[in-house]
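There are 4 protein chains.
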Amino acid sequence: MAGSTFGNWFAVTNFGESHGPAIGCVIDGCPPGLALSEADIQGDLDRRRPGTSRHVTQRQEPDAVEILSGVYEGVTTGTPIALLIRNVDQRSKDYGNLLDTFRPGHADYPYWRKYGLRDPRGGGRSSARLTAPMVAAGAVAKKWLAEHHGIRVRGCMTALGATPIATDDWSQVRHNPFFAATAQGIDALEVQMDALRKSGDSVGAKLRVEASGLPPGWGAPLFDKLDAQIAYAMMGINAVKGVEIGDGFGVVAQTGSEHGDELHPEGFASNHSGGVLGGLSTGQDLVVHIAIKPTSSIRLEKASIDRAGQPTTVVTHGRHDPCVGIRATPIAEAMLALVLMDAALQHRAQCGDVHIDTPPVPGQR
Amino acid sequence: MAGSTFGNWFAVTNFGESHGPAIGCVIDGCPPGLALSEADIQGDLDRRRPGTSRHVTQRQEPDAVEILSGVYEGVTTGTPIALLIRNVDQRSKDYGNLLDTFRPGHADYPYWRKYGLRDPRGGGRSSARLTAPMVAAGAVAKKWLAEHHGIRVRGCMTALGATPIATDDWSQVRHNPFFAATAQGIDALEVQMDALRKSGDSVGAKLRVEASGLPPGWGAPLFDKLDAQIAYAMMGINAVKGVEIGDGFGVVAQTGSEHGDELHPEGFASNHSGGVLGGLSTGQDLVVHIAIKPTSSIRLEKASIDRAGQPTTVVTHGRHDPCVGIRATPIAEAMLALVLMDAALQHRAQCGDVHIDTPPVPGQR
Amino acid sequence: MAGSTFGNWFAVTNFGESHGPAIGCVIDGCPPGLALSEADIQGDLDRRRPGTSRHVTQRQEPDAVEILSGVYEGVTTGTPIALLIRNVDQRSKDYGNLLDTFRPGHADYPYWRKYGLRDPRGGGRSSARLTAPMVAAGAVAKKWLAEHHGIRVRGCMTALGATPIATDDWSQVRHNPFFAATAQGIDALEVQMDALRKSGDSVGAKLRVEASGLPPGWGAPLFDKLDAQIAYAMMGINAVKGVEIGDGFGVVAQTGSEHGDELHPEGFASNHSGGVLGGLSTGQDLVVHIAIKPTSSIRLEKASIDRAGQPTTVVTHGRHDPCVGIRATPIAEAMLALVLMDAALQHRAQCGDVHIDTPPVPGQR
Amino acid sequence: MAGSTFGNWFAVTNFGESHGPAIGCVIDGCPPGLALSEADIQGDLDRRRPGTSRHVTQRQEPDAVEILSGVYEGVTTGTPIALLIRNVDQRSKDYGNLLDTFRPGHADYPYWRKYGLRDPRGGGRSSARLTAPMVAAGAVAKKWLAEHHGIRVRGCMTALGATPIATDDWSQVRHNPFFAATAQGIDALEVQMDALRKSGDSVGAKLRVEASGLPPGWGAPLFDKLDAQIAYAMMGINAVKGVEIGDGFGVVAQTGSEHGDELHPEGFASNHSGGVLGGLSTGQDLVVHIAIKPTSSIRLEKASIDRAGQPTTVVTHGRHDPCVGIRATPIAEAMLALVLMDAALQHRAQCGDVHIDTPPVPGQR
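Chains as they are written, first to last, in the UniProt record's numbering: chain F, 1 to 365; chain R, 1 to 365; chain C, 1 to 365; chain D, 1 to 365.
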């Protein structure tokens, strides 16, 4: 494929640029009979959209989604679902002066080298704004997965820069601007962000995203392993530089005797694997961590070159997230949901009639 | 696709089981005119194959590759290249007793839940033996990339369990059994491995793989970002639980002012990005790290269940690598080469006639 | 893929229903640097759109296309090109009574059996209206093919029902409502159509579509043969029941001595092959013929059943083409252009650097 | 994809050349649990293989298939099934002199223009010998379709050159060398073939292939319509120049009132559609006709050019089928089975849980 389609069976084709007329996607392969309306999608879009707190970009985008096809009388028909989001708040002047220079940490330089030209408005195609259509498509997948398999996907921030964040109360995620799964230390995070914003600099973040309720056996041996698909999906999110499944890099120093998760009739004794073995789901919780780099758009001057190859400096004004990781939680949830949706359909296609006498063991004892 | 094909333009379809008659792959889309013989492939296969030192499994497999098609008079014709490797040393009796139990840390359980049956011989399809055909295909990609673009792919081990390994002399990689890029501390690693083997346990490892000589602009904005493809390729390697590009999880605590790599007419000032921005290559070295879990096959007893769901215990005899990470270096190199080969053809298809007046800046100043 | 994407390298994902809010497509993989505006696309859309003569449906649809992405300052950027066409003239009431019955010759029955529900408005997804986005995408392909390779794609009607139509003057195609490549017998066709319309019945048609200026060597051995792709593209057009390449079914009674096109230094002596050998273009004109069935929507009563399986009768009122073949010429041209565009990129990817000392022979002497 | 893989869900990747060491394919996506052995495949291979009568090439190839993977203890495991067929009877000398000339009607010329080189031995990749792996894969599909859905695929020859062949007794197909579904006129066909062989010329043929027992609703609206997939599959068979579904080109002169197949509670009243409406199966018999050109390899001299572009003449000696259509019947059956297998899995993936209260009407009343 040419590169803009995610998934094989629940295939999402993404289009748009940050400051073009619109962004959106086409979902191909959605099963028929799913009750679906804009309201089912708007919720996750609102969690991701800008301007929701002082800690994120102040660009005002309602990110209102319009369903153009694939739904008749409130139910999916099995035909492609086209989702459209009009861009509203475009201040192209903010970026006019960047056409001839390459912002350090941004895609400006390689885009120019690949295509020989680029849309400089807000980063064009390389803008994180293009994750909005994926959040919309992910909302459709989340709904189907919940209704057909009782699967729940959720995520939270586990570190804001060098500050670790506890994961002791998932109910708190919606009650603070950081998607923190805790009531502890939120004030400190506010202070940290205010100081960061004042400094003109930016910072990285670490997120955790997980899914529970999976049946065992979803995925494929190679190469479309469930964990490989997840790594592909997560690394495809703007600014992500690292992906871990289960214990991730912690496995390097582990021994086999401590790592291998024992099975008991009443369930698995541990989940070092993060819910995937041999590329297939085990039925345990899927546990994924991702590392997000600091926003490249900062108000501090950096050295660069212009299109003629001459030295210059870049200072990025305009509106930006001091920590792109903050709004990344719903994005990571959506990408995980899209991977699972694809796996669900692949499994049904190949193994839809497999019968096993014994029930699976519980994901955890 | 059904899952066993890697790549879109240089598409490698893998087949085989650990103890079946043969393993292999079909490479579709290879450009014509590449001089190719078994000798060009055997070298990397020999680096990966078992039995080369006392620190790896003693299974004796020559892993001799046969080119079945796609090459005429020593040159690729542009038609599919089928590569065949016969399995020679199969001791199925080693595994006969495992058909009814699920080895902790292995794919036994989810395979059974997905397919309702499984080939228990040596793990069947889930065996790391299936990486051999990828190493073979990667050797073809490496040769084309070197000849057409001067690209070099290389890898080394950077940690054996909790023991960090220096990367101060790449010339040493071929002179020790650990693919260590240093002459320091090899004896200590030998001692560590001997003790581990005696204990019957296993340990994890960390690897670094990189590519140099890439032109800027290879990859795609989304979703087939070069780094997303790399993450997919690496996480698809058996036992890999984490992938990092550039600074990886180190970016979490970084600020934008320190992370963004500045450009100068004489080259980039640093390489925190690991050679990828916005999913496209920058022309800098591609730098990837992966975490490999400890071998799940150990001689120490672990609790598990049988197919009836009843409790049992598992002790794995037979021949195994105490650290699967040791032989993973040529595998990771091959997967990286396959990703780059695919990107090279994608770039030529879409942007083959793009002309840019100014030359790219050097990868590093 | 899930089925709504056409092409591998120049991938067009189609969406929409006849009476939904909008129809459109996303083109992924278009090379950068192509000058493109709505005006480049609207021309072919106008050739296909309804209401242009009394011989086609009177539904009033401007089919005005909006480019939503992939074009910056009038030039393609290499990112996905989203094309949107709003549906304007929807008279759903025309179709309300058809939800419970299955129109003979229409997709109503199998759609209901596949999805368990369907959008009855104007045939929903099965409407020929969904060819409009393909015509739009084809216009982009036509422009690139003409600018980069001097390729010209054209088509005409060669039979209206039992009435054969000469192909003696291509310049006439635009001067009559039948896309006839002749000035002869147009009046008779008008009379034939007026009588047909009055009768409430419909009729089939035969079209010829061809491309000239192709270089030799485009396509692939198997299975993506150029002729196989063309057959796939043409049979994918609504109402098409037969496809011929070159002499088509005429080859059955031919001998090898008469069929094989001889080569001479000054060119091929004949073109029985229709410009394809072994799945690859020969450099001669590509010649394709297609058979289009009579419109299934007629005002004459036919027997059918309802969703309960009970007998009923169907008479289709509303607005329909008495011969869907009339508007199919620009559609067939577009599909052929899309196949060639895909082949052009595939060829550049795999064989972009192949050099051959001698020039190809002319397509025809 | 790079072009050598057929199918999306039941994906068959083909490899090999006529005179290379071996030909074969890898089937990816086959459901687990299908009892499978070489014996299940060899039958159809024997129907296709050369040397079975004096009317086909005398090349002696046992076409013995070896299953290399994907089957354990006689049952498919759900992992890729690799099928290997060694080439035995290679007389490369037969072809040595053809490297510098281009045989009229053969792929020699466009292959050379595409790749800059070619394997001249027996046509290399363009040989009809490469249909053998498809026949093998088709046999697997046929078995699954029969066991899971009671689907039967069959084919016969309906014309040998200008001589029409009746289809009045399917049981006769296996009792004559022409795959004729009749006991009438076989002697005349023998005489016709003997005279043709003596003349050194060749002739075309027409085949009919059909499938019965399909449920309604298999396929996809666009572009992966069932009939479009069939057209792609059939036109992908060597020497095929035309494909018809149902009444095919006969629809041109039909009216809607006669073409549209009426439905009755006891079944469809006719089958002009050939079992497909809107790209989906209706539940009626799938009926396909294909036109096969005369063999291009004849003993009569034809004009051509050499690689330097200079005039020359070509006379093809060696062993050839005077009518390639004779052995094409099992090939066409296999390709149809592969299309249906893919459609079966696509349907199960997307609509596996669709429930419809009323049973489908019978395919035919």
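Hints in this document: simulated from the structure, not taken from any laboratory. On a predicted model such as this, the values are computed, not experimentally measured, just so you know. Even glycine gets a Cβ: it sits at the ideal position worked out from N, Cα and C. There's no promise every hint is true.
If you only want the chain D side, here are some residues facing chain C, beta carbon under 8 angstroms, derived [stated by the list, open to error]:
id, residue
1, L34
2, P104
3, R197
4, K198
5, D201
6, S202
7, P221
8, A228
9, L277
10, I305
Beyond 12 angstroms from chain C on every Cβ pair, some chain R residues (computed) [as the list claims (entries may be wrong)]:
id, residue
11, D28
12, G29
13, P32
14, G33
15, D89
16, T101
17, P311
18, R319
19, D342
20, Q346
21, H347
22, R348
23, A349
Interface residues of chain F toward chain D, partial, derived using beta-carbon atoms under 8 angstroms [unchecked claim]:
id, residue
24, T79
25, G352
26, I356
For each hint, the structure was consulted:
1. L34: Given a least distance of 23 angstroms, the restraint on L34/D is violated.
2. P104: Cβ of P104/D sits 4 angstroms from chain C, so the hint holds.
3. R197: violated, 12 angstroms
4. K198: violated, 13 angstroms
5. D201: holds, 5 angstroms
6. S202: holds, 4 angstroms
7. P221: OK, holds: P221/D within 8 angstroms of chain C, min 5 angstroms.
8. A228: At about 4 angstroms, which falls below the 8 angstroms cut-off, the nearest Cβ of chain C leaves the hint on A228/D intact, so it holds.
9. L277: holds, 5 angstroms
10. I305: The hint holds - I305/D has a Cβ within 8 angstroms of chain C, the shortest such distance being about 5 angstroms.
11. D28: violated, 9 angstroms
12. G29: About 6 angstroms separates G29/R from the closest Cβ of chain C, which leaves it inside 12 angstroms; violated.
13. P32: violated, 6 angstroms
14. G33: violated, 7 angstroms
15. D89: holds, 36 angstroms
16. T101: holds, 39 angstroms
17. P311: Label holds. Min Cβ-Cβ 43 angstroms, cutoff 12 angstroms.
18. R319: holds, 42 angstroms
19. D342: With a cut-off of 12 angstroms, D342/R comes too close to chain C, as the shortest Cβ separation is near 10 angstroms.
20. Q346: At roughly 7 angstroms from the nearest Cβ of chain C, Q346/R sits no farther out than 12 angstroms, so the non-interface label is violated.
21. H347: violated, 9 angstroms
22. R348: Not fine: 5 angstroms to the nearest Cβ puts R348/R too close to chain C.
23. A349: violated, 4 angstroms
24. T79: Result: holds, 6 angstroms to nearest chain D Cβ.
25. G352: Since the shortest Cβ distance to chain D is 5 angstroms, the answer is holds.
26. I356: Cβ of I356/F sits 11 angstroms from chain D, so the hint is violated.
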